[in-house]
Amino acid sequence: MKISRKLYLAVVIVCVAALIGLVFFGCKTEEKVGGTMRLYIHEPVSLDPPNSYESEGIQVIRQVWDGLVKYDPETLEVVPAIAESWDISSDGLVYTFKLRKGVKFHSGREVVAGDFVYSWSRVCQAETASYLAYHMEPIVGYDELQAGEGDTLAGLKAIDDYTLEVTLKYPFADFINTLGHVVFYPVAKEDIEEWGDEYAEHVNGTGAFKFVDWKHDQYIELERNDDYYGDNAKLEKVKYVILTDEDTAFREFQAGNLEYCQIPQGKIQSTLDDPELGDLAIIKPLLAIYYFAMNVQIEPFKDNLALREAVNYAIDRQNIVDVISEGVPTPATGFVPPGIPGFRKDAMEYTYNQEMAIQKLEEAGYPGGEGLPTITFGINVGSGHELVAEAMQADLAEIGIDVEIVGMEWGAALDAFKNGEIGFFRLGWIADYPIMDNFLFPLFYSESADNYSGYSNAEVDQMLLDARKTVDEDERIEKYRAVEDKILEDSAFALIYFYGSRRIVQSYVKGFILDSMENYDLSRVWFEKE
Amino acid sequence: MLIIKEIDFKYISMLLYIVRRILQIIPVIIGVTLLLFTLLYVIPEDPARLILQKGATEQALENLRVKMGIDKPLYVQYWRYVKQLARGDLGTSYRYRRSVNSILAEHYPNSIKLAFVAIIIEIIIGIMAGIISAVKKYTFWDTLVTVSTTLAVCVPVFWLGMMLQVIFGLKLGILPMSGMGDGSIRYYILPAIALASVSTAFVARMTRSSMLEVISNDYMTTAYAKGLSNFKVIGKHALKNALIPVVTLIGLDLGALMGGAILTETVFSWPGVGRVIYLAILQRDAPVVIGGTLILVFIFVFMNLIVDILYAWLDPRIRYHKREINV
Amino acid sequence: MILNMNPDRKRKKDDLEVINEIIIEKKYARSSLYKDAWRRLRRNKLAMLGLAIVIILIMIAIFAPFISPYDPIERIKEESSVSPNGAHLFGTDLLGRDIFSRVIYGSRISIQVGIIAVGISALIGLFFGAIAGYFSNISDAVIMRVADIFFAFPYILGAIAIMTILGPGIVNIFIAIGVLGWAAFARIFRSSILSIKNKEYIEAARALGASNYRIIIKHIFPNAMAPIIVYATMNVGTAIIVEAALSFLGIGVQPPTPAWGKMLSESLDYIDIAPWMMLFPGMAIVITVLGFVLLGDGLRDAFDPKLK
Chain Z
1 MKISRKLYLA
11 VVIVCVAALI
21 GLVFFGCKTE
31 EKVGGTMRLY
41 IHEPVSLDPP
51 NSYESEGIQV
61 IRQVWDGLVK
71 YDPETLEVVP
81 AIAESWDISS
91 DGLVYTFKLR
101 KGVKFHSGRE
111 VVAGDFVYSW
121 SRVCQAETAS
131 YLAYHMEPIV
141 GYDELQAGEG
151 DTLAGLKAID
161 DYTLEVTLKY
171 PFADFINTLG
181 HVVFYPVAKE
191 DIEEWGDEYA
201 EHVNGTGAFK
211 FVDWKHDQYI
221 ELERNDDYYG
231 DNAKLEKVKY
241 VILTDEDTAF
251 REFQAGNLEY
261 CQIPQGKIQS
271 TLDDPELGDL
281 AIIKPLLAIY
291 YFAMNVQIEP
301 FKDNLALREA
311 VNYAIDRQNI
321 VDVISEGVPT
331 PATGFVPPGI
341 PGFRKDAMEY
351 TYNQEMAIQK
361 LEEAGYPGGE
371 GLPTITFGIN
381 VGSGHELVAE
391 AMQADLAEIG
401 IDVEIVGMEW
411 GAALDAFKNG
421 EIGFFRLGWI
431 ADYPIMDNFL
441 FPLFYSESAD
451 NYSGYSNAEV
461 DQMLLDARKT
471 VDEDERIEKY
481 RAVEDKILED
491 SAFALIYFYG
501 SRRIVQSYVK
511 GFILDSMENY
521 DLSRVWFEKE
Chain P
1001 MLIIKEIDFK
1011 YISMLLYIVR
1021 RILQIIPVII
1031 GVTLLLFTLL
1041 YVIPEDPARL
1051 ILQKGATEQA
1061 LENLRVKMGI
1071 DKPLYVQYWR
1081 YVKQLARGDL
1091 GTSYRYRRSV
1101 NSILAEHYPN
1111 SIKLAFVAII
1121 IEIIIGIMAG
1131 IISAVKKYTF
1141 WDTLVTVSTT
1151 LAVCVPVFWL
1161 GMMLQVIFGL
1171 KLGILPMSGM
1181 GDGSIRYYIL
1191 PAIALASVST
1201 AFVARMTRSS
1211 MLEVISNDYM
1221 TTAYAKGLSN
1231 FKVIGKHALK
1241 NALIPVVTLI
1251 GLDLGALMGG
1261 AILTETVFSW
1271 PGVGRVIYLA
1281 ILQRDAPVVI
1291 GGTLILVFIF
1301 VFMNLIVDIL
1311 YAWLDPRIRY
1321 HKREINV
Chain X
2001 MILNMNPDRK
2011 RKKDDLEVIN
2021 EIIIEKKYAR
2031 SSLYKDAWRR
2041 LRRNKLAMLG
2051 LAIVIILIMI
2061 AIFAPFISPY
2071 DPIERIKEES
2081 SVSPNGAHLF
2091 GTDLLGRDIF
2101 SRVIYGSRIS
2111 IQVGIIAVGI
2121 SALIGLFFGA
2131 IAGYFSNISD
2141 AVIMRVADIF
2151 FAFPYILGAI
2161 AIMTILGPGI
2171 VNIFIAIGVL
2181 GWAAFARIFR
2191 SSILSIKNKE
2201 YIEAARALGA
2211 SNYRIIIKHI
2221 FPNAMAPIIV
2231 YATMNVGTAI
2241 IVEAALSFLG
2251 IGVQPPTPAW
2261 GKMLSESLDY
2271 IDIAPWMMLF
2281 PGMAIVITVL
2291 GFVLLGDGLR
2301 DAFDPKLK
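Residue numbers (this note's numbering), protein chains in the order written: chain Z, 1 to 530; chain P, 1001 to 1327; chain X, 2001 to 2308.
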């Protein structure tokens, strides 16, 4: 057969063009896809959503799962994930979510509304004894399930496979902002039935990475989910390397065996000064606060605002931050850290001012500290808090206040604080979700289980409940700010600092964003190696 | 006839001895479980409260207590635990919600490996040093050994560890400072040296005094008189007899090393069982504490038993005494 | 034999005093045991060095406020983590406190723990050891089995467990270390008693009607005490190290009391940039324990020179 010369030529040209195209475009995309990212963590407690309350487990879970919504890594605002859209009833009690179609579990089965009903109910069931059930407290049926009655939350309904209806006990405008928490991730019923208590080692998620294996105290391996409903991740695999020791981990990072690591205490300054490593460090404020509480229901803090203010003025926060924590945290300027909508740089007026402190002490009726009995300060031992306590002790001693430090085991400490045995103690709080309510409500509402300080102000209680109902976001923020102001006025706390992250990432890791809750989305990450 | 009787007698008495010793162990094990159980549950704190960091409402705490099995009275819990124990199940960790068996199974090999390396160091360096210092009594070597063994006993293990880290890990940079790494032998060196330090000193001293005692014995002088060379004398006679107490010491040490490694494991971040138990104590994770300690005690007591049996085999007097006069 | 047959005199007491005189070797042996030991001890240079260290340390502990240049808990903010220099012999720690002063004050904790904790162990141990050794029946078996349990228990873990129950604090450290260490004392004392008890002079005393109590106190005790004294001295060194370990793990004395172990744990993170924070407290521990060990070794040799 005679093949036309022209056809022959055309084919050759097309082939060559394709080749050239591949060289130019194909290679580049190939460069970006693939690679195994190795991150340093401690051994997680659990990878099962109801029980992952600590940061290590949460980091892993967030790669393996997507929930109804996600937090935008920069603004921390809620964006749709499995839920495409949602409606809120006018009374603020009923949320209707429209789910995306075609979202699948890694086992292949499609995610439906019923999965959320099952998962959330499971979290609340008494026999699960989840560490995190309290996040679902606003949902109708929570109390019954916690008391052991029934097994499905009455306030959850799967109208159809792609419509989920959630009814709350009371209007809570920030509810949607809480749904990005890992406890709300959907879990497949058949997996629980198959694995039972061992589910944590065979998790089946909905996110950009599939769980492969967990060798305890060694590593957790994930691989890319090619069936992801969103844009597939570029990384091929993720390996969480489990190490007990920060120093070892850091050395591995420097040797190039880890892509993401923590900078150990004691090495921060030298790392920042290092010409190569300095730029790779990520030091930013986190949504967590370190503070001392003064129990206003017992002496000597009771009814003595001036004394509490004296304490607040006497503490040199900057020094604590610089000397003890190498400048990683930020001195507190209010209750709400930067990164939360509603943050104000100058919420708190207390700065380090010895003269004011001395003056306030006089106003309090104890000029120069005379007449003031020794105040007992409680901390939990063995976690490095002694140094901060000692720094505070020295600061207060300078104006005449005598403090005695008592260290206890954490459990005993909590009991002592709650019973009022000790009236001055250190506490810390990490945000569950990026909203002001999460800082103010659990810590200051009188009946809150997390209120260890004994703070009880009926007006504040009322203001908090009111703020929760307010639908308009700006208005709501104003109300919370008013609450924050009131609390700061009462000066029942000496706020010390906002925690800071001290992480470091290799230079060839691109697209990595660490948010203010120390979370990241590995599906957006790629390697650029020369 | 007499000969057969003699042999029978020896075996029977050995057997009786072994049985007697095993019977003596049982109350010890039971005693330890009771002790541990009481200790841990006597703590007035609520383990549930410790674990539930946020949202610790009364209801949530109660649910957790039920799940952990601590809502029942003490004797019920103890009985349940004993039944579980009989099945070989050490329970479930409060904090990690995993079986204690698997947690310990992951960490024990690391501790054992480290203890092993430490024992080897002990044996080689300790015995050699002891022999040298005994043979070269009052010379420079003897003084060196004596001084260093005395010092070794005075140095706290964790400080020694830190110093080793600084010198070899930091300043000289030739050995890894912490962790188990990829498991290669480099990572074992520093922690094993720190761990073995005190025991090596004891072994050296014991070897020395034991050798000295044996060397000055009459039959040794006889051997010399017979014209045996120095080396033969030491090698054959002195060593064999001198080593008996040393072997005892090392055997006991193996058991003790397992339990005492917690300081070394902390300083070197070694993923061993001592550290796990220590953390569990702080976190009030009772199943891990009890389970882990029980195994430690068991190993220690077992090693004791082996050593005692060996000793009885070697020294028949022990078998017949009703009470050992050991100090 | 000069037995006084007059029934009006306080018979038992006299007779026993006579027995004491009769048993001349024993009387000599008792007092000469200690006198001879002291003579031998004095000649042992190392032991004297140990004794000197111990005495100096006790002096330092007692006179700490007069010796230390600074207040150990006063912090000078500007001088955080300063390396050793003229003003601060051992440098300063993270909070700007003078390490030299802290090391001096730390001796108080260590010496107190050493002496009191070992005292507790010794008291408990002697009590049970005496019962076990002297009465040698069921009580002996029971006590020794219980001692076995305590021996089998990993020491540090036991101390940690007790501290967790009692909570941190120096008194609790005394209790924790003291209570755990009785077993060795009991064993030693028991074996001493066992070996002495069957000697002839005891039989003689008993034949003359001396009460058990008297026999124990006047005859057995002094001779059995020798190994106890030796062990106790060595045990003080061990107790000091255990206390340092507890403080290192964070379960020791309350802040801001300076304790050597605690100073070591504070220095852990900063080994590479501030090695002096770790060096001096550690050396203090080593020297202190060395003093007790040398003294103990010397005592052992002094009481029974054959053992050398």
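Since the hints were made in silico from the structure, they are not lab data.
Among the hints, a few may not be true.
[Claimed, not checked] No farther apart than 27 Å at their CA atoms in a straight line, the calculated lysine-lysine pairs in the DSS-like style are these: (1) Z:Lys510 <-> Z:Lys486; (2) Z:Lys215 <-> P:Lys1137; (3) P:Lys1083 <-> Z:Lys418; (4) X:Lys2045 <-> Z:Lys284; (5) Z:Lys418 <-> Z:Lys237; (6) Z:Lys189 <-> P:Lys1067; (7) Z:Lys267 <-> P:Lys1171; (8) Z:Lys215 <-> P:Lys1171; (9) X:Lys2045 <-> Z:Lys267; (10) P:Lys1054 <-> Z:Lys169; (11) Z:Lys284 <-> P:Lys1054; (12) Z:Lys418 <-> P:Lys1054; (13) P:Lys1054 <-> Z:Lys486; (14) P:Lys1137 <-> X:Lys2045; (15) P:Lys1136 <-> X:Lys2077; (16) P:Lys1067 <-> Z:Lys479; (17) P:Lys1072 <-> P:Lys1083; (18) Z:Lys469 <-> P:Lys1072.
[Unchecked claim] One-sided excerpt, in silico: chain X residues whose CB lies under 7 Å from chain Z: (19) Lys2077; (20) Leu2166; (21) Gly2167; (22) Pro2255.
Virtual Cβ for every residue (Gly too), placed ideally from N, Cα, C.
Quick rundown of the hints versus the structure:
This hinted pair does not check out: lysine 510 of chain Z and lysine 486 of chain Z have alpha carbons roughly 44 Å apart, beyond 27 Å. This hinted pair does not check out: lysine 215 of chain Z and lysine 1137 of chain P have alpha carbons roughly 54 Å apart, beyond 27 Å. For the hint pairing lysine 1083 of chain P with lysine 418 of chain Z, the CA-to-CA distance comes to about 37 Å; that exceeds 27 Å, so the pair is violated. In summary, the hint linking lysine 2045 of chain X to lysine 284 of chain Z is not supported, as the alpha carbons are separated by about 61 Å, beyond the 27 Å threshold.
For a cut-off of 27 Å, the pair hint linking lysine 418 of chain Z to lysine 237 of chain Z is broken: about 46 Å separates their Cα positions. Among the hinted pairs, lysine 189 of chain Z with lysine 1067 of chain P is consistent with the structure: their alpha-carbon atoms are about 21 Å apart, no more than 27 Å. For the hint pairing lysine 267 of chain Z with lysine 1171 of chain P, the CA-to-CA distance comes to about 16 Å; that is within 27 Å, so the pair holds. For the given pair, lysine 215 of chain Z sits about 34 Å from lysine 1171 of chain P by alpha-carbon distance, which is inconsistent with the 27 Å threshold.
This hinted pair does not check out: lysine 2045 of chain X and lysine 267 of chain Z have alpha carbons roughly 47 Å apart, beyond 27 Å. For the suggested pair lysine 1054 of chain P and lysine 169 of chain Z, the alpha carbons sit about 21 Å apart, so the restraint of at most 27 Å is met. For the hint pairing lysine 284 of chain Z with lysine 1054 of chain P, the CA-to-CA distance comes to about 25 Å; that is within 27 Å, so the pair holds. Proximity of lysine 418 of chain Z to lysine 1054 of chain P is assessed by CA-CA distance (about 14 Å); at most 27 Å being required, the pair is judged to hold.
Proposed proximity of lysine 1054 of chain P and lysine 486 of chain Z is supported: the alpha carbons are some 24 Å apart, at most 27 Å. Distance check on the hinted pair: lysine 1137 of chain P and lysine 2045 of chain X sit about 18 Å apart at the alpha-carbon level, within 27 Å; holds. Taking the CA atoms of lysine 1136 of chain P and lysine 2077 of chain X, the gap is near 56 Å; set against the 27 Å cutoff, the hint is violated. The straight-line distance between the Cα atoms of lysine 1067 of chain P and lysine 479 of chain Z is roughly 40 Å, outside the 27 Å bound, and the hint therefore fails.
For the hint pairing lysine 1072 of chain P with lysine 1083 of chain P, the CA-to-CA distance comes to about 15 Å; that is within 27 Å, so the pair holds. At most 27 Å may separate the alpha-carbon atoms for a hinted pair to count; lysine 469 of chain Z and lysine 1072 of chain P exceed this at roughly 42 Å. With its C-beta approaching chain Z no nearer than about 6 Å, lysine 2077 of chain X sits inside the 7 Å limit, and its interface hint holds. Interface restraint check for leucine 2166 of chain X: the shortest CB-CB distance to chain Z comes to about 10 Å, outside 7 Å, so the restraint is violated.
The beta carbon of glycine 2167 of chain X comes within 6 Å of a beta carbon in chain Z, closer than 7 Å, and the hint placing it at the interface holds. A hinted interface residue such as proline 2255 of chain X counts as satisfied when its beta carbon comes closer than 7 Å to some beta carbon of chain Z; here the least separation is about 4 Å, so the hint holds.
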